[in-house]
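Respectively, the protein sequence lines represent chains Z and S. Letter by letter, the first sequence follows residues 1 to 771 in full-length UniProt numbering. Letter by letter, the second sequence follows residues 1 to 771 in full-length UniProt numbering.
Simulated from the structure, these hints should not be mistaken for lab results. Note that this is a predicted model, so its numbers are computed, not measured. Among the hints, erroneous ones may be present.
[Claimed, not checked] Cross-link-like lysine-lysine pairs, in silico, PhoX-like; alpha carbons within 20 Å at most:
1. S/K592 x S/K549
2. Z/K138 x Z/K244
3. S/K514 x S/K364
4. Z/K183 x Z/K282
5. Z/K162 x Z/K183
6. S/K162 x Z/K542
7. S/K542 x Z/K161
8. S/K483 x Z/K514
9. S/K174 x S/K162
10. S/K174 x S/K53
11. S/K514 x Z/K483
12. Z/K15 x Z/K244
13. Z/K162 x S/K542
14. Z/K542 x S/K161
15. S/K483 x Z/K707
16. Z/K244 x Z/K267
17. S/K592 x S/K699
18. S/K483 x Z/K483
[To be verified] Per label pair, the in silico range of CB-to-CB distance:
19. Z/P126 x S/G480: 30 to 36 Å
20. Z/K631 x S/G600: 35 to 41 Å
21. Z/E466 x S/G600: 25 to 31 Å
22. S/E504 x Z/E79: 45 to 51 Å
23. S/K174 x Z/Y639: 56 to 62 Å
24. S/K174 x Z/E730: 25 to 31 Å
25. Z/S169 x S/E537: 15 to 21 Å
Every residue, glycine too, gets a C-beta built ideally from N, C-alpha and C.
Number of protein chains: 2
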Amino acid sequence: MDSLNLDLINFIIDKKLDKELLRGRFGLEKENTRVDKDGHLALTPHPKAFGNKTDNPYIQTDFSESQIEMITPTFNSIEETYHFLEALQDIVTQELMETGEYLWTSSNPPVLPRDEDIPIAHMEDPLEEMYRTQLGHKYGRKKQLLSGIHYNFSFNENFLKKLYEASLSKDEYKLFKDGLYLKVARNVLKYRWLLIYLTGASPVFNKSYIEQCVALSDHLDEDSRYFPNMNSLRNSVCGYRNDKPFNVSFNSVNEYVQDLQNLVQSKELLSAKEFYSPIRLKPATGENPLQELLDNGIAYLELRMFDLNPLFKNGISLEILKFIHLFLVYMLLKQDEPFNEDEQQQANLDLDTLMMEGLQGSMKVTAVALIDSMQEMLRYINPDDQPMNTLLEHKKNIILNPALSYASIVKAEIQHSSFLHYHLIKAKQYANHSLEAGYKLAGYEDLELSTQLLLKAAVKRGIHFELIDRDDNFVVLTKGDHKEYVKQATKTALDSYSTVLIMENKIVTKEVLKQQGIRVPGGNAYRNLQDAMLDYEVHREKKIVIKPKSTNFGLGITIFTNNFSIEDYQRAFEMAFEHDRTVLLEEFVTGKEYRFLVMGDEVVGILHRVPANIVGDGVRTIEQLIHEKNKDPLRGQGYRTPLEKIQLGEAERLFLKIHSKDPSDIPRLGEVIYLRENSNISTGGDSIDFTDEIPISYKQLAIQSAKAAGATFCGVDMMINDIEQEATNENYSIIEINFNPAIHIHCYPYQGTNRKADDKILDLLFGKIDG
Amino acid sequence: MDSLNLDLINFIIDKKLDKELLRGRFGLEKENTRVDKDGHLALTPHPKAFGNKTDNPYIQTDFSESQIEMITPTFNSIEETYHFLEALQDIVTQELMETGEYLWTSSNPPVLPRDEDIPIAHMEDPLEEMYRTQLGHKYGRKKQLLSGIHYNFSFNENFLKKLYEASLSKDEYKLFKDGLYLKVARNVLKYRWLLIYLTGASPVFNKSYIEQCVALSDHLDEDSRYFPNMNSLRNSVCGYRNDKPFNVSFNSVNEYVQDLQNLVQSKELLSAKEFYSPIRLKPATGENPLQELLDNGIAYLELRMFDLNPLFKNGISLEILKFIHLFLVYMLLKQDEPFNEDEQQQANLDLDTLMMEGLQGSMKVTAVALIDSMQEMLRYINPDDQPMNTLLEHKKNIILNPALSYASIVKAEIQHSSFLHYHLIKAKQYANHSLEAGYKLAGYEDLELSTQLLLKAAVKRGIHFELIDRDDNFVVLTKGDHKEYVKQATKTALDSYSTVLIMENKIVTKEVLKQQGIRVPGGNAYRNLQDAMLDYEVHREKKIVIKPKSTNFGLGITIFTNNFSIEDYQRAFEMAFEHDRTVLLEEFVTGKEYRFLVMGDEVVGILHRVPANIVGDGVRTIEQLIHEKNKDPLRGQGYRTPLEKIQLGEAERLFLKIHSKDPSDIPRLGEVIYLRENSNISTGGDSIDFTDEIPISYKQLAIQSAKAAGATFCGVDMMINDIEQEATNENYSIIEINFNPAIHIHCYPYQGTNRKADDKILDLLFGKIDG
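If we strip away everything but chain Z, and leave its shape as in the complex, we get (with noise of 0.2 Å):
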């Protein structure tokens, strides 16, 4: 085999774009198909929840209804690019799951109907699905429902214009780059063998698979079939292959064109699109793809060769996604080899006789050698990559033990069990991790909880969405030309400015709630002590707060509950001046405190909060009881979970020993034992979902203070004195509206049901899912 092209390595150093080689863009497709809870193909039609299918960037349906896409965005990174696609799988296993339905796990079909009655994808337009019904009479519906992953990968940019600039090339740049990337799909060709050979993981598959390809299969039992050697059954001869190989040139561009637009012409393929090829070159757009690449030239290049491997959740590694890049980048620094028509068969055949015999002989070598040679690569490009140096030595071992390949591990695990169990068992289990991630956007796990969820949500019914500065939680979400931007989950423009500066002023929130007859603690702003001491006696009788008009951790506030004298009420405002130059007195308004979530006309969800606390089964300690209840997924520490761990500190030992308890202590069963005076989940307290329970009349009371501030998001905090009760004129107040409500505490409460306020922020902005 050829060697590395050294003379373009030291070039590429030399001019300093070995880094800037190493980046690059990364996008991903994959494809699973449903099924039901006992592993056949799911014959309902794709959830509804995703939205309009075509419209969907994220999520869509292949050739069968039954059949989910998910697509990534690109990405400057593959762990970025790898992190999304977890999170589309999550995301679509979740609602999968509501309905009982679960991803299948291997590339090969799961339980399969009859070819006629698997569903071809309903598709909007007329075109895509006669085409879909054309490929299913085409090739049989059953060999379309085989999936795996498309790996979409460019350049960078920079790299590719620097090395042009500093090649002083006399072709123009679109001839330059594309001259690279025909390169990199030749040479993967060539090799693609030792890809299939690293990636393969669908060595077994069910019987209800292609007839004839299961009456030439051997058992492991009766369900489940194979091929000796075989490794992935969608690059074999029962695979996703065209009728016949196609001679398409990798020459050029124009060749390339040419010669699928001779195919299409003489009706050997329906379209450019039939065109199986384990890589294709890519235009930038995608409207007349052919015609764009002659006036563009290659945008990237498509990898379509890669099994679902049902070792992984995500239905392949991290590790391999780096490997398969780097692999690309080697297929750059090779040398160039020639890879005409006698060259692409050799291709070919190499690939079927790695399915029939598996990696044997001089392909053995050839295949340390390339890894080799990748090595040496490294060794010039990024020396201080201990990691994927560790990780090319693996993948020596495999070529020379082939019983530690995925295609060998998945099956040796077959053989325990079988093809549907063995799968429907993984798919089961990722649903539950993926069920477990709950909240978290994989990949964007340093954003605030609430704006998570929403881009969950907007993923889910494929609303675009863009970090605009991810720091600041801001995004913009796009449907077709409808663009929102969007700070932390629920500032909008759904709000006015004027609507969040009244919530955000105290006196501004209680006197408009007051106009519109609402029930806020009484009281007054004081701007003077003389003022203050006037009213004295209006007040002497009562319950009231003294404050400084901006709380700042609880300074200068005092709270009387009895009688008090005039020479306390004026110490207490003298405190309160200090801290500020308003000071207001408020009525002390006793009852339980609710957070009424507001979101346009509608109470999405009540929540109470509880303070830290456990409960006795009679026969744990309270400090076991802590540790087992700290157990929740949904406890965490440092605002990344909707719950916190409960502490056992220096604050809840106190806090017991006040009461009388210690840590040893037994509660008894049933026994509810508090640790916080306070009912901050912060420190470990608890959130209820009241939603059903509190009556329509405060739920109202509710809507009506959001409508007087104007606002659409707000949280409402309600004293409520007993909500076994109607709400009177006397029995509740309004003691605060929230902009920016924290909305994840709806959706994940310690009690109670998801309230799916993500979604309602999207039904608002957005209009809701047609139904």
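Starting from the structure of chain Z, add chain S where the hints point.
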């Protein structure tokens, strides 16, 4: 005369109501005729700028179209009320001066045309206009032009209620309260001659006044007429009186109402409001006043006998207003005295005697005794109020020395001049004071200048305002049913929350503008050093700024204007990353900075700021020129004025030294000497209006920028290379869009015109004033 009611006084003190006794609510109404520059009654219509006169709660017309009535809201202190009157005086005067008119400073009319040429106020309600026409017929229009001040007063409601409760009265509360007010009213009627003696200030009138009066009068000069000892024409027989003294009972509300209804039924009066009593009983609302009085009792008293005093800009002094308040309290605390037909006639006679003979004999003795009694009362209820005691001493002095009375002083001054000339000079002097008050809203100088301007504009056009949170410059503007919450003048409901958030975040702003094809400084945001380093090559030959995302007093900012090494570049990023986890690299933009104030679809003003400077005259030193420039009333200290005084502190002296100058240097004529590097207004910089100089192409860009962010109110900061050139894609750059732009700088620039940004805000919030 009767003494104080000591039982009542002691009861009040005993019940700790003495503080609340001195509280109250106060309102003022003031009429002035409008005159032209020669002191002739202005025959022009009521200025359009004051909006619809029946809707404007502050500025209306009275009998004549040429007679402006200013109405303060009611306040809890006479100080606030007085300041609001001053605000109205300034606002009206500033507007009138735009067309060369003035507020006439005397209660007595200016030079009048023939009676039939005096324009009756044009009213929307034809009945209102007809009533005025009838009055004109009945009394002559000239008499109706006598102007004055009405003083509305009520006791603190808490005081009344507590007094009622403490007194264990068997009457219902309404009767009790009415009783107190009726007592005050009777006493005021009885002793009003003293008030009129102490406040009368219109001893002279013009020969164009009513013929009979002129015929009987003495001359000061050909045009200036008087009656000996008459100190208040409107309170005299030639004044504003009913044809005959109607006998209306003040013994009970029922009798009062009955008597008035009888007078109307017998056609003696056109309506109850034609009863020109020196004091009126007033209900809380004015819809059907007599019925209201019967139903809900007296809400306040209206005293109607006060002259405009030409010695004071606002027609009355704060001291006199305070004196009147104490007089009213005194009327409550005096012994009650019978006041029936005989006593009413005696009171009228006393007044006529005063007008004919001055303060003589027993009335003089009574006057001194009354003041003595007020002093005695003060010792009981507010012994610490030394200023008031001094004021009472002063009033006693005036009683003993009639030459010290306002009327005597005014008459003496007119003797050196003429009625016309004296009052016209005063009118012009006061007008200049109002003009100098400029941006200030009297009584609200603690508010931001932009808010003061907005409120002035609101008052002018009759939009009601309320300070909902004074510290926060948070106001509610109301016009009919239309309510707007406004904070700091430009934070309104017309901007959405997301718009504000876009402007608040520089990264987002740039992104949004860029997407609309608007030029912003090029650059990138980096979240780690590695990514930044990869881009070194891209930037190395540019002029760039490297800065933390959130700039914090300029810390961590590096500017490279020449080629820079990779080490410098790295160090700059490292420094910036010490201050923020996101660092911006930005193109360093050249040109001059202009602030475009955009409101709606319009560029309202454009300012360029110039560092503190003086211009030489070849005579004075730098220090002297600074002193001279600082005399501009627009310059002050501590952000209470549109411009700040230029300092000659350490920074300025150092700056001069660096430029080889000294404060004692004498710059040559026209030489500009800068005192500062930075152009901030806060360090003495000049604001120069360029609104008319900047080509429209830049204005369109500013408007486009505002639209891109969705902003109604914003300040667009644009760098422009050369304002002589039209905008291209190269020669400008938007560096910031600011929400909450200051408006005062565009209304009161150092150089340029008032761009009326305050009015524009109201146009956008409430619609333009209809023509």
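How the hints compare with the structure:
no., hint, result
1, S/K592 x S/K549, "violated, 23 Å"
2, Z/K138 x Z/K244, "holds, 12 Å"
3, S/K514 x S/K364, "violated, 82 Å"
4, Z/K183 x Z/K282, "holds, 14 Å"
5, Z/K162 x Z/K183, "holds, 18 Å"
6, S/K162 x Z/K542, "holds, 17 Å"
7, S/K542 x Z/K161, "holds, 19 Å"
8, S/K483 x Z/K514, "holds, 15 Å"
9, S/K174 x S/K162, "holds, 13 Å"
10, S/K174 x S/K53, "violated, 34 Å"
11, S/K514 x Z/K483, "holds, 15 Å"
12, Z/K15 x Z/K244, "violated, 45 Å"
13, Z/K162 x S/K542, "holds, 17 Å"
14, Z/K542 x S/K161, "holds, 19 Å"
15, S/K483 x Z/K707, "holds, 14 Å"
16, Z/K244 x Z/K267, "holds, 13 Å"
17, S/K592 x S/K699, "holds, 15 Å"
18, S/K483 x Z/K483, "violated, 30 Å"
19, Z/P126 x S/G480: 30 to 36 Å, "violated, 57 Å"
20, Z/K631 x S/G600: 35 to 41 Å, "violated, 58 Å"
21, Z/E466 x S/G600: 25 to 31 Å, "holds, 29 Å"
22, S/E504 x Z/E79: 45 to 51 Å, "violated, 31 Å"
23, S/K174 x Z/Y639: 56 to 62 Å, "holds, 59 Å"
24, S/K174 x Z/E730: 25 to 31 Å, "holds, 27 Å"
25, Z/S169 x S/E537: 15 to 21 Å, "holds, 19 Å"
Against the hints set out earlier in the document, violations occur for numbers 1, 3, 10, 12, 18, 19, 20, 22.
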